[in-house]
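Participant: Here are the chains, one letter per residue:
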Amino acid sequence: MNMSVISVKGLSKYYQVHQKEPGLAGSIKSLFNRKYYDVKAVDNVSFEINEGELVGFIGPNGAGKTTTLKTLSGLLYPTKGEVSVLGHTPWKREPAFQKQFALVMGQKNQLWWDLPAMESFILNREIYEVPKARFEETLSELSDLLEVQDLLKVQVRKLSLGERMKMELIAALIHSPKVLFLDEPTIGLDVVAQKKMRDFIKAYNIKYKATIILTSHYMDDVKELCKRIIIIDKGTKLFDGDLDEIVRKFADHKLLSMVLDKELNRRQIEHLSALGGVKEYAYPKLILQVPRENSNKVAAKLLQSYPVADLNIEESALEDIVREVFTGKDVA
Amino acid sequence: MKRYLNLYSIFFKNSLIRMMENRFDFLFRAIPTTLSLCINLLVISFIFSKINAVSGWNKEELFLLLGTYNIVWGIFFGLFIQNMAKINSYISRGDLDLFLTKPINSQFYISIVNPIDFGEAATLILGLILVTRGVSILNIDLNLIQVVTYVMIILSAVTLAYSLWFITMTFSFWIGRVYGLHEAFISFFEINKYPSDIFNGLIKNVFVYFLPLGVMVTFPTKFLLGKLDPILMIWGIVSGFGFLYISHLFWNFSLERYSSASS
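First to last, the sequence lines map onto chains A and B.
Adding 183 to a residue's 1-based position in the first sequence gives its number in the working numbering.
Adding 238 to a residue's 1-based position in the second sequence gives its number in the working numbering.
Rather than coming from a laboratory, the hints here were simulated on the basis of the structure.
Mixed in with the good hints, there may be bad ones.
[Stated by the list, open to error] A short, non-exhaustive set of chain B residues, derived as facing chain A with CB atoms under 8 Å:
(1) Lys240
(2) Leu243
(3) Asn244
(4) Met258
(5) Glu259
(6) Asp335
(7) Leu336
[To be verified] Derived pair list, reagent style DSSO-like, types lysine-lysine, alpha-carbon separation capped at 30 Å:
(8) A:Lys263 / A:Lys192
(9) A:Lys275 / B:Lys240
(10) A:Lys361 / B:Lys442
As the structure is a prediction and not an experimental result, all values here were calculated from the model.
Built from N, CA and C at the ideal position, the CB exists for glycine as well.
Produce the complete structure using the sequences and hints provided.
Facilitator: Given below as structure tokens:
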């Protein structure tokens, strides 16, 4: 039997937020009589995650993703519910628990600016009480993976943004945590750095069999890394399952992506709408959205009667699918 | 305990490295410090050109007080100012989260994570000079035990100053972003330039027993002058550790109620 590493049952986190009427009169009134209303940041969320899984949490801003991660990290006490990570209750903040996980939040820095990154690693080694041999090994593995072996003794402020980001990662992982909570790991990075970050996360997951939860706005992060996703919106869990499943269930459309070798005349353009929805037409590119069942038939028709040089049948963009989930289509 | 000593030595070493990177900064800091001290000395001299004593303190005794003030200030500020100043912003911006997930006491970490300000060494050295001069001019005989006791009283004064400042900064949890909270504390601290004897009755008792600012500089000086009641001396030392404990309780209590700023 596979014991779950992360177990969440009925997690809820409510906040009381002070409500103020607009304007000066409202401000004065609120000095005397404060009205509060409840915000349900997280409402009755449950899930189990097993060792080695790489799970994506997706949802719009304010959905409750970060609040959930913070609760799993022990930063917040829940209003209701039970949480267990590696057999510990996170908010007790037991050192034995803290030594086994890492929370990495977007672009927050913890390295000392004026000193070589190595000094920060040594500090973390001491904080996490990592045995010397393991420290050397992890340092060497991580710096190889990230290709920064020669930069360890260089002052952090002399490094480029990308190099600094890699050092931050090493500092955060020098204690070889088994559980990683990554909050928006690729935010603010350029395309190349994003890809490198994703490759690293994948490699870390495989090499250390680490259990990873990642939150992101970027569908590419999720598409590339996560087999399983959990969709959260307005504090509730909307979907929990394989990425493929959500694509199949919700995407009742497929995309026909074409390269044309001749511009279309007006009659042809008008006829297109009979075949499906035109998602994009910018010669020579044409993307048509058609119902799943018809995709092969329509594709054949297009190849026959239209100047199509190349045609691909693709799933709907994940972004569109997820947007449909958020706008309340049936989760059944 | 040993682990925290190790950790502290790492922070200390890193502060040293950083200071050596910024050598000129250290030299420049010595200038305003010396100037400020000279101004204080001039003010005292001026006052004493008109009168002979203030609340039972003569000129040389006040110089001795000023010297002790600089010693306490130099140690206390040097060790902690870079850290205390940032607590308010760590709390209000949610940066505290990075500290709380680590297996290290958060009060300890937040108090030493930023480098030691070695510029304050100038203050400390000037203070030591002034005290040494004062002890010789006033013909005070000190044996080894008394010197050690003086050092201990100074250290508990530093502990007390740290604890009071830390408690003040912990209020950030309750009242949010407060500009100048930490400047207010510094202004308050400057009361120590004057012997607590200048206050009467109720105010004096507040400053000695309740909010023991008065203890920090006046007591060690009185000890050198042989005028410190032994019971008060014990209060001086105890209050340092007592308030440290209170700061620890208050910090933990505030953390419990803390919900981090949302992203």
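Participant: Run every hint past the structure and note whether it holds.
Facilitator: Here is how each hint holds up against the structure:
1. Lys240: Violated, because the Cβ-Cβ distance from Lys240 (chain B) to chain A comes to roughly 11 Å (cut-off 8 Å).
2. Leu243: Not OK, violated: Leu243 (chain B) not within 8 Å of chain A, min 11 Å.
3. Asn244: Interface hint status for Asn244 (chain B): holds (6 Å vs cutoff 8 Å).
4. Met258: Status violated, d = 10 Å.
5. Glu259: Glu259 (chain B) check passes; min Cβ-Cβ to chain A is 6 Å, inside 8 Å.
6. Asp335: holds, 5 Å
7. Leu336: Nearest chain A Cβ about 6 Å off; hint holds.
8. A:Lys263 / A:Lys192: holds, 9 Å
9. A:Lys275 / B:Lys240: It holds: about 24 Å lies between the C-alpha atoms, which stays within 30 Å.
10. A:Lys361 / B:Lys442: Violated: Lys361 (chain A) and Lys442 (chain B) sit about 57 Å apart, past 30 Å.
In summary, the structure is inconsistent with hints 1, 2, 4 and 10 from the numbered list given earlier, while agreeing with the others.
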